[in-house]
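Using the sequences plus the hints, can you model the full thing?
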Amino acid sequence: MRNSWIICRKEMGSYFASPVAYLLLTMFALIFGFFFWNALGFFVFEGMEMQMRGQQFPMNLNEQIIRPLLSNVSVVGLFFIPMITMRLFAEEKRTGTIELLATSPVRDLEIILGKWLAAVGLYCCLLLFTALNFAFLFRYGNPDWKPLAAGYLGLLLQAGALLAIGTFISTLTKNQIIAGAATFGVCLLLWVLEWVSAYETTTWSKVLSYMSIITHFESFARGTFDTKDAVFYITVIFLGLFFTARSLESLRWRS
Amino acid sequence: MFLPCPVPVWTGIDSRVVRCRETTNMIQVKNLTKRYARTTAVDHISFEIAKGRIVGFLGPNGAGKTTTMRMLTCFLPPSEGTATVAGLDVVEQPLEVKKRIGYLPETPPIYPEMETGEYLNFVGKLKGLAGADLRRRIDYVCDRCAIGDVRNKLLGKLSKGYRQRVGLAQAIIHNPDVLILDEPTAGLDPKQINETRDLIKGLAGDHTIVLSTHILPEVEQTCEQVIIINGGKLVATDSVSNLRTRARGAESVLLEVAGRNGTLEAPIVQHKLEQVPGVSRVLCREQVDSRALFEVESQKGRLVRGDLARAVVECGWDLNELRPAAMSLEEIFLQLTGTEPSTEAESVAAVEAHS
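These protein sequences, in sequence, are chains A and B. Residues 1 to 255 (our numbering) make up the first sequence, in order. Residues 1 to 355 (our numbering) make up the second sequence, in order.
The hints are simulated quantities; they were obtained by calculation from the structure and are not laboratory data. Hints should not be assumed to be uniformly reliable.
Under the rule of at most 30 Å between Cα atoms (straight-line distance), these lysine-lysine pairs were calculated in the DSS-like manner [unchecked claim]:
hint, chain 1, residue 1, chain 2, residue 2
1, B, Lys-153, A, Lys-174
2, B, Lys-51, B, Lys-30
3, B, Lys-233, B, Lys-201
4, B, Lys-125, B, Lys-51
5, B, Lys-160, A, Lys-93
6, A, Lys-93, B, Lys-153
7, B, Lys-201, B, Lys-30
8, A, Lys-146, A, Lys-228
9, A, Lys-93, B, Lys-99
10, B, Lys-99, B, Lys-160
11, B, Lys-153, B, Lys-125
12, B, Lys-201, B, Lys-191
13, A, Lys-146, A, Lys-93
14, B, Lys-99, B, Lys-51
15, A, Lys-174, B, Lys-157
16, B, Lys-201, B, Lys-125
17, B, Lys-157, B, Lys-125
18, B, Lys-30, B, Lys-160
19, B, Lys-157, B, Lys-201
20, B, Lys-125, A, Lys-93
21, B, Lys-191, B, Lys-157
22, B, Lys-201, B, Lys-153
23, B, Lys-201, A, Lys-174
24, B, Lys-153, B, Lys-99
25, B, Lys-160, A, Lys-174
26, B, Lys-191, B, Lys-160
27, B, Lys-201, B, Lys-160
28, B, Lys-99, A, Lys-174
29, B, Lys-153, B, Lys-191
30, B, Lys-157, A, Lys-93
31, B, Lys-233, A, Lys-93
32, A, Lys-206, A, Lys-228
33, B, Lys-99, B, Lys-125
Derived, one-sided and incomplete: chain B residues facing chain A with beta-carbon distance under 7 Å [stated by the list, open to error]:
hint, residue
34, Thr-73
35, Leu-76
36, Lys-98
37, Lys-99
38, Tyr-103
39, Pro-105
40, Pro-109
Heads up, the beta-carbon is just placed ideally off N, CA and C, and yes, glycines get one too.
Encoded structure:
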């Protein structure tokens, strides 16, 4: 565990020593800021309109701002995750530093866990920016914090799963661009798989939509914790990291 | 499946010495083989390295040096055979082996975005050091490898020589028993090469060092023992001086003879020299005016220098020069790895292997 922590800290250092982390954080802050401003503007506009019409529809910050925003974050995350994971192993393979890690008294699993944790850590930094925006809702309104917490948990689980997949893909190539592009493709595919459920009700469409990463986020966005969905994400994390370990091992046999 | 090594392995004159020190063998390799899908990179290599030695791992590019080193460092698993480091098997106890090995790959494994001190700190922790111990070792390796002045510089901005030294510092940070250096002087300028060699020599007392190279003078200057491989096969393993004296099985001397009256019939001289008892072969290397240079090989165990000198003087010629012809490692190497290996060296090797 100590070794994982050492590697995790080194990876975090690498993210923040290069422009990668700052670029991702800036872009994410801008995009999410826009979403937030947009959602809040719409919420205020709707509220005023209702008052003018004298209608008494219940206005709810959780339902009308937090829930759609969390869904947005989960989709925007799909675009950011390849950029987080693409360098993890591809860069080490290209520069040859993988030889240092592989000949140090460290287990493969510790290396993988350390790198994955660093990726999750960077994603947490992204989420911090959303928390900053949501803090304004708590300052000027009174949304319920429990659904928000569930939403964040869902985001973390979902990101953890995608990051594990990205880590695996990063072990397959020396080229960061290829790793990034492939991860992006897989992320996108896992998102759109769910669309078949809109017009198909056969078994295979159910299976496909079950495999979609986004389907399982809906319960979290609603503010509920569904064990079924949590188990799905955790399974994907395990599978991703397991395949990473196998791939790292096979590197040694093939190289 | 056990295959006897197809190439006669040349065990040196001091194999007895090595044998009685067997208990202190740091590295022991037996029938080590690495096969890839289509090629065999390393083919049944066996050798032993005693503790505290500097050993040169010599071979042309693509001979299997790096692959062998990678197997020793647990980076690659062998397809067949065993290798032990400090008595620990590389397949069964990789973590323990890795703790005892410092490895410098061909390109120093550095992270360009890290500072030197930060990097050494990271590697030290990775190798299991911590706290005051780690700080002391960092100070020590910075001092030893002369990188103290770049401790706060980004590795990406360092020159090749500094990177190499940081790589070396990284390899010795945990004070390993065995140092494995893959072409440590590749790509350095002559001054840096000398500095690196001196550094490596200085490390020899505390560590057993295996360094690979395809540069022969490097081995002559740095190493005590040579392991020559070619095409994945072991060609020879011996000490540098033994290799040199035994490459031809016998002593060979260079002899410059000059005629008194301005003329010299080289064939006559050659004939005369050949008649000296104990001489097995005489070659006329070059002739300029009345001077001629001969290379005389004597039979094993015969000292012929005195007789040669007498023969020359008695015939009325001048003896300008008489010196032993030390065979350069380069020649030995070419003999051993060349496409047409000298039959003599081969037969000597064969005799040695079977005796």
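Structure versus earlier hints - violations, ascending order
Going through the list in order, the structure violates hints 13, 18 and 23 and respects the others.
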